[in-house]
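Enquirer: The residues making up each chain are set out below.
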Amino acid sequence: MNRLEEELKAALQREAPSGGFTARVLARVAERERQRQRSRRWFAMPILRWAAAAVIIIAAGGGFEYHRQVQERREGEHAKQQVMLALRITSSKLQEVQLKVQQLNRQREEREQ
Amino acid sequence: MVFSVALHFLRDRMAAEELAQDVFLQLHDALPGLETPDHVRFWLRRVTGHRCIDYIRRHKHDPLPLEDVAEPSSPPQNIGDPMLRRRLQQVVASLPEKQRIVVILRFQEEMDVDEIARVLAMPLATVKSRLHRSLAVLREKLERVTGMSCV
Numbered sequence: 005m006n007r008l009e010e011e012l013k014a015a016l017q018r019e020a021p022s023g024g025f026t027a028r029v030l031a032r033v034a035e036r037e038r039q040r041q042r043s044r045r046w047f048a049m050p051i052l053r054w055a056a057a058a059v060i061i062i063a064a065g066g067g068f069e070y071h072r073q074v075q076e077r078r079e080g081e082h083a084k085q086q087v088m089l090a091l092r093i094t095s096s097k098l099q100e101v102q103l104k105v106q107q108l109n110r111q112r113e114e115r116e117q
Numbered sequence: 002m003v004f005s006v007a008l009h010f011l012r013d014r015m016a017a018e019e020l021a022q023d024v025f026l027q028l029h030d031a032l033p034g035l036e037t038p039d040h041v042r043f044w045l046r047r048v049t050g051h052r053c054i055d056y057i058r059r060h061k062h063d064p065l066p067l068e069d070v071a072e073p074s075s076p077p078q079n080i081g082d083p084m085l086r087r088r089l090q091q092v093v094a095s096l097p098e099k100q101r102i103v104v105i106l107r108f109q110e111e112m113d114v115d116e117i118a119r120v121l122a123m124p125l126a127t128v129k130s131r132l133h134r135s136l137a138v139l140r141e142k143l144e145r146v147t148g149m150s151c152v
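From first to last, the protein sequence lines are chains A and B. If you read the first sequence in my numbering, its first letter stands for residue 5, the second for the next number, and so on. If you read the second sequence in my numbering, its first letter stands for residue 2, the second for the next number, and so on.
Keep in mind the hints are simulated off the structure, nothing from the lab. Every residue, glycine too, gets a C-beta built ideally from N, C-alpha and C. Some hints could be false.
A few chain B residues that don't get close to chain A, going by computed Cβ distances all over 10 angstroms [stated by the list, open to error]:
#  : residue
1  : Thr-37
2  : Phe-43
3  : His-51
4  : Ile-54
5  : Ile-57
6  : Arg-59
7  : His-60
8  : Arg-86
9  : Val-93
10 : Ser-95
11 : Glu-111
12 : Ala-118
13 : Val-146
Chain A regions said to be covered by chain B (calculated; three or more residues, Cβ under 8 angstroms) [claimed, not checked]:
#  : segment
14 : 14-24
15 : 27-37
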């Protein structure tokens, strides 16, 4: 070990915290445990359990209802698009048939003349 | 050990005490999973090292610039000189945080580079190069400040 390393070892010797450190840590541990117990006790009250359950059920029900509405809207849009497509196809077919009928009528008239 | 690592790292007694208390609070929760005293020691070093680095990043403490390390009236020459030790502590505190923690674990905790690599979850080569670089920087800074040769 060279001189710098020896000096570093000396400079970085362990230092102790100020007196009462352990007591301060234990006090914080105890305080935190008290807080945890308080919150556990608070949640252990039957009315709060029911309230929490109600909130969860309402939230889940609301979510389900919203999902159902979105689904219905999507299906409605899809059906509408299919109807529009069918109408477009039908109208073009009708036009074709109408042209054919007109053509046949014209040919018959020509033959009769 | 926890307080001392934090103190050498942060150079702030109050912050070091707060950090050390937080580490022991965390230890209280983690204790059921720690089986041996060696495991506890390893855990304490790892958590303290990471918390020190996090603390500096959260509080954005700039490393102490070398210019803040005042010139001594007469350069100290003896090993064990308290003024030289104080200067060394200041110069260590001016290192980038990852180099600083490696130096503190190496010279305060007297850990070898393998242990440091395991504790800080760093590759061995990274620890070696950080230590090497830190010592070169420390040597250069100290020679500049004190005018003494550290080789």
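Enquirer: Against each hint, give a clear statement of whether it holds in the structure.
Expert: To see whether the hints hold, each was checked on the structure:
For Thr-37 of chain B, the requirement that its beta carbon stay farther than 10 angstroms from each beta carbon of chain A is met, with the minimum near 22 angstroms. The non-interface label for Phe-43 of chain B is consistent with chain A: the shortest C-beta to C-beta separation is roughly 17 angstroms, beyond 10 angstroms. The beta carbon of His-51 of chain B sits about 19 angstroms from the closest Cβ of chain A, which is more than 10 angstroms, so the claim that it is off the interface holds. Once the 10 angstroms rule is applied to beta carbons, Ile-54 of chain B is consistent with being away from chain A; the minimum gap is 17 angstroms.
Remark: the non-interface label on Ile-57 of chain B is consistent with the geometry, its nearest Cβ contact in chain A lying 17 angstroms away (cut-off 10 angstroms). Interface exclusion of Arg-59 of chain B from chain A stands, the closest Cβ pair being 20 angstroms apart, more than 10 angstroms. Consistency note on His-60 of chain B: stated as away from chain A, and its beta-carbon is indeed over 10 angstroms from all of that chain's, at 20 angstroms minimum. Not every C-beta of chain A lies more than 10 angstroms from that of Arg-86 of chain B, the closest at about 4 angstroms, which undercuts listing it as non-interface.
The claim that Val-93 of chain B is not at the interface with chain A is violated, since a C-beta of that chain comes within 10 angstroms of its own (minimum 7 angstroms). In this structure Ser-95 of chain B is separated from chain A by more than 10 angstroms, as the shortest Cβ-Cβ distance comes to about 13 angstroms. The claim that Glu-111 of chain B is not at the interface with chain A is violated, since a C-beta of that chain comes within 10 angstroms of its own (minimum 8 angstroms). For Ala-118 of chain B, the requirement that its beta carbon stay farther than 10 angstroms from each beta carbon of chain A is met, with the minimum near 19 angstroms.
Separation of Val-146 of chain B from chain A is adequate, the least Cβ-Cβ distance of about 13 angstroms exceeding the 10 angstroms criterion. A stretch counts as covered by a chain when three or more of its residues have a beta carbon under 8 angstroms from one of that chain; for the segment 14-24 of chain A and chain B the count is 9, and the coverage holds. Evaluation of the coverage hint for the segment 27-37 of chain A: fulfilled, as 5 residues show C-beta separations to chain B shorter than 8 angstroms, against a requirement of three.
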